[in-house]
Amino acid sequence: MHFAFTEEQIELRNAVRDLLAKECPPEVVRRAWSGGAGRTDRAWNAMAEMGVLGVVAPEAIGGIGGDEVDLVGVLEETGRAALPEPIVETAAVAVPLLAEAGDDRAAALSEGGACASAIAPTDDLAVWADTADLLVLFDDTGVHAVATSDAELERRHSVDGARRLHRVVARLGDSTRVGGPDAAALAFDRGALGVAAQLLGLGAQLLDTTVDYAKQREQFGAPIGSFQAVKHHLANVRLALEFAAPLVYRAAWSIASRDGERSVHVSMAKAHASDAAVLASRSALQCHGAIGYTTEHDLHLWMKRAWALGAAWGSAPGTAAASRARSCDDRRPGAEIMSEAAPYCTERTRRGRAWPERPGPKGQERES
Amino acid sequence: MHFAFTEEQIELRNAVRDLLAKECPPEVVRRAWSGGAGRTDRAWNAMAEMGVLGVVAPEAIGGIGGDEVDLVGVLEETGRAALPEPIVETAAVAVPLLAEAGDDRAAALSEGGACASAIAPTDDLAVWADTADLLVLFDDTGVHAVATSDAELERRHSVDGARRLHRVVARLGDSTRVGGPDAAALAFDRGALGVAAQLLGLGAQLLDTTVDYAKQREQFGAPIGSFQAVKHHLANVRLALEFAAPLVYRAAWSIASRDGERSVHVSMAKAHASDAAVLASRSALQCHGAIGYTTEHDLHLWMKRAWALGAAWGSAPGTAAASRARSCDDRRPGAEIMSEAAPYCTERTRRGRAWPERPGPKGQERES
Amino acid sequence: MDLTFDEAEEAFRAECRAWIEENRPDPALPSGDTREGFGLHRVWERSLFDARWAVVSWPREYGGREASLWEWLIFEEEYYRAGAPQRVTQNGIFLLAPTLFAFGTKSQQDRYLPAMASAEETWCQGWSEPDAGSDLAAIRSRAVRDETEGGWRLTGQKTWTTRGAFCDRLFGLFRSDPEAARHRGLTYFLVDLRADGVTVRPVERLDGDEGFAEVFLEDVFVPDDDVLGEVHKGWEVAMATTGSERGLTLRSPGRFMATASRLVDLRRAAGDSVDPAAEDAVVRAYIDAEAYRWQTFWTVTRLAEGERIGAESSLVKLFWSELDVRMHETASELLGSSSELIDGPSADWMKGLQFALAGPIYAGTNEIQRNVVAERLLGLPRK
Amino acid sequence: MDLTFDEAEEAFRAECRAWIEENRPDPALPSGDTREGFGLHRVWERSLFDARWAVVSWPREYGGREASLWEWLIFEEEYYRAGAPQRVTQNGIFLLAPTLFAFGTKSQQDRYLPAMASAEETWCQGWSEPDAGSDLAAIRSRAVRDETEGGWRLTGQKTWTTRGAFCDRLFGLFRSDPEAARHRGLTYFLVDLRADGVTVRPVERLDGDEGFAEVFLEDVFVPDDDVLGEVHKGWEVAMATTGSERGLTLRSPGRFMATASRLVDLRRAAGDSVDPAAEDAVVRAYIDAEAYRWQTFWTVTRLAEGERIGAESSLVKLFWSELDVRMHETASELLGSSSELIDGPSADWMKGLQFALAGPIYAGTNEIQRNVVAERLLGLPRK
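Going down the list, the sequences are from chains A, B, C and D. So in the working numbering, spot 63 of the first sequence is number 657, and the numbers just go up one at a time. So in the working numbering, spot 122 of the second sequence is number 716, and the numbers just go up one at a time. So in the working numbering, spot 110 of the third sequence is number 111, and the numbers just go up one at a time. So in the working numbering, spot 11 of the fourth sequence is number 12, and the numbers just go up one at a time.
Treat the hints as calculated values from the structure; they're not laboratory data. Note that the coordinates shown come from a computational prediction; the quantities given were computed from them, not determined experimentally. Here a beta-carbon is modelled for each residue, glycine too, at the ideal position from N, C-alpha and C. Hints may contain errors.
[Unchecked claim] Examples of chain C residues toward chain B, derived with CB under 8 Å:
| id | residue |
| --- | --- |
| 1 | D3 |
| 2 | W71 |
| 3 | F298 |
Using the sequences and the accompanying hints, generate a full structural model.
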């Protein structure tokens, strides 16, 4: 048992953090809000150059040949920066999916020459589909990769103005299918893990920003961070993040090592990460007060991303249980010591809003 | 619309409070813990003399001819004092049940010459059955009144040592039946209301005691009540009690006026009163610290009563929803303006741990 | 105790309901916190006023019906039940008007109340400043005596002024005696936002509306006639208003009952696949809205008998603001990944969530309210 | 990253499991916090010691197996999974022993550790005093130098001393320099409770057990050999111990995983009629116990590499203590009106609830822990 990242993993993550601090500060996120179909090209290209997009691509196609444990900290940093790009869909979902299917398109994605969007089986819409080259879509038969040029997109609007959402109409069939149900389940787990990692980063960013503010904002002749109520709000956020992070890292390892309980672990991670990030949002806003309630302050960039991601890829904000909905189907949850609990957990979660019970995403039409 | 008690009602309540402060201080409650089958005779007889036991008995049999609105504040005071006697079962349940059935035994009960215990249809055990003369029991056919001498009792033990619990085996049949399903439903609502009122009183007592302690206990050179975390704990208790009390009084009125939505109102009242009292217990213990964690301190007398009553007569502590379980069957909940919501509420609560779905109390055997 | 409405009250309810159903805008108006929507809301408010529904509890001479508190509550229940528009006059009629009734001269009342009720003249509040949020007594904007002109000259900055970008007038506190201690030396002024020296800068709110404004005042003249209450006694005058804001007038139960009812509809539409936590939260919201209604009726009975409520208003503010957040968070849970949308059928919930999140902040943060409950209702020591 | 146990660790687990299954008392022992139960637990602890399971991580010379932290965690998982008895030696082996290893002389270690591990000599802690609870530095019990005898004379009162009524020895802080400021001038003493001048008064705990004691000391002689660490440096010495108490050693994940597992069983037994709120709470508890386990593994990896944890131990204490309360409250909800029983099959849950409710109080209240997190981990200002 060794539950820690390697120095190389930490270095890669730190490099991405530094890069995004430079190339994706709040002003850049705001640019994604202000309309058009702008991309954060500089950040994206720099990440491609660093190999970030191809972390889980095999070396044979120019990737790094790493796994989800190598990628998870990087994705956390993209959450911290509220990077307005489909990096989860591209680097965590599409690249390994296509690489495993022997599909040539994996190379272009991992090199940064193209990017992918996706609609999670739990969701209805694709984010940043307009600037994506490829769409990963799910149906009852498995998972598909469709060129965006072959799909019709209809723009929808998110509270997070940086998230350009689209309804997708595409023709799915044998020719578009890149994997069966097992590949689909794995792709979903990777997407949910990626979003969970981003939520950790968002939560940390919200906490850091609020701690800084609480140290300098004075009321009643003292920094508000000296009041016990504010201290306890922020301590609660720290607590939630502290216990969410190991679940996320464990889930990354479970995917990377093809652990039989992988999907359960991902759901647990997503549940805790969503709860922690949504709590961080609530506390951040409350401690900022009115000043955090304007779009002039950067706070809302992270808050709204947290709301959106908290509800995406199999979870609703604030509801740990919703994200567990698909936790346990046909698999034993938890560690061996807890295995007696599994059959109950299975039965329990089958009743929730569950994938694969939900027959298929509504946002796309099957026309094959 | 006039949502207030009359001066007479307030006077009666205050008189009972004064009486119990004198006749049922914590030392007397402790005596009920210390074993045997001791009764708080002086308090009981004094209440009988004041007419409290016959508030809802008709004047023709020596009662006051009042209703549940007259009684509810009195029961609140018995909760505040943690009176170790079946006053809910006697004055709120048995007296009106038997009086309405034209059963002679109502007179003796309302005069204080006898007392009654009961097993709620949601529960399994009868409290203080050993010193009761009469047992009110429920089955599928309605509600029964059985002389304790005709039943077998088996002692069970509550965390609240003042509550002498008993499993009851009795023969129920046409000869014991004092009312059909409608009378049974009414009797249940009266019991649940009575317990909800006692929970309000317990909550207030726990809050008052803790506020007093927080004012005088010093740590770090200041009264602990000056620390914001302690303030907020206690403010939360005050908040919960503030919004529970009107629901309890409204439920009393709904029973007294035979409102068609009576049972829904009682369930809402019980839900909020249970939650408030259990929260009061948690906060009281936390603010007292270790000193509240001993049986030498009086705190536990009220805390344990709150746990027990929170779970009795149709609710589990901390679970508002559980007490709503029987809220809505076949009736419209809430005010007229909300009536559209009723069918949902009905359907929803049918699924909970519900009476009358639960086929009958387990604590008694049907031998008729 | 009598928990029924009498025939007259029921008739009043029927009349409200019929008029609102007949007249409410369909489709719904755009947000009143945008420039376009604000104009449309003024038209709606005018029609309310013309039918004497704008300010039912006011005297007839100012456009009211002299309705009882009970009738006012009934009006509010019916108004929100019908999904009628937000009240953009609210800061005037609910915050300023009670103060004008209590402290204003007859001439101030005559001059301002009818125009306020008809939305001819709209009001915003000027409490907060950059350094005076929770700590309201830290107000720095000052009022300097101008004896020659018979008035005061105001200089300073007010912030988080709701709908300040569209309103005609502002009411607020200014420091008239710089020597006096924090709560003293403040005066309550009624300020014309079109006066020389006023600059209004709209600030975009969390939900994208221009709902806030910063108001900069530079030597703005306000005549003595526009001082409300006594000079240097503004704190006492204002407290009456903030009491109203926290307490009864801003948040009648009708609003939360209507939200709870919509939440039940949302849950019904979700069918069988609802998470147990959300399932529980829906029923809890429904009961909490009921609790809020009956606590209000309990309080109103006392008010109708001439009692006053004090720090209890902090309990009320805590309850409605946190209930509102819970209900909207539950809606997000039910909506799942659609909850982020600001177009389509669920958009009102996201808008509502953002609005609800302001509740624990404005009108005194909930942290301050809990302090008030602990100190004033429970008697715990301040320090 | 490698999240598997290696073969040696799995073999260790198998060995633990087999021994515990074979040897654990059946039926379960009465509470170790009663006089009768304490005696029976001492016998059980002795058998653990004899089989070298009492203190697996200790050096062999003191009865341990020199097990790694991982093996210790495995032992704990297996111990609680099997429902084996509470550890009445816990305050000695988990609170005092780490301090003895860090600060004790070789002669103190030799004298006390084996007897502690075998339960031959049992230890209780003497921190709290009537006026020193959360504010531990307010300790008043004093130690006066006795140069003639070569030791100290202790006078004062210690309270809330868990199992103090049955234990042989007490460790705690006494004020050796009355002139020094709060945290200074304290010395850490090892006190024989059979010495002259000691009076122990049992205090009944919430759950009815004699779990607490008040310890009165009147001129009690303690030789210099029983000073732990430096004179007047007791605060620093003790902080190492309270760090252990809050952090890793007292609350290994195995305990909470076992409770979560029992909760799932309880819910299963309840069949279809479970309230949605309780339904959700059961699954939440299960996941939270997992979170606790993996956070521990994350921390232990760092510890195994020689890092130290500081204020992070406050996060750990907050999490386990509040998780434990939530799990037991959920059990009460599932049990309904049976939850109050202290006889019959559900009695363990009520006992457990009462025990859990102490969690947010002892070892530093959770209010204090949140302050520590805010001040030391987040850097928020103290005042």
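Consistency of the hints with the structure:
{"no.": "1", "hint": "D3", "verdict": "5 Å, holds"}
{"no.": "2", "hint": "W71", "verdict": "5 Å, holds"}
{"no.": "3", "hint": "F298", "verdict": "5 Å, holds"}
The earlier numbered hints are all upheld by this structure, with none contradicted.
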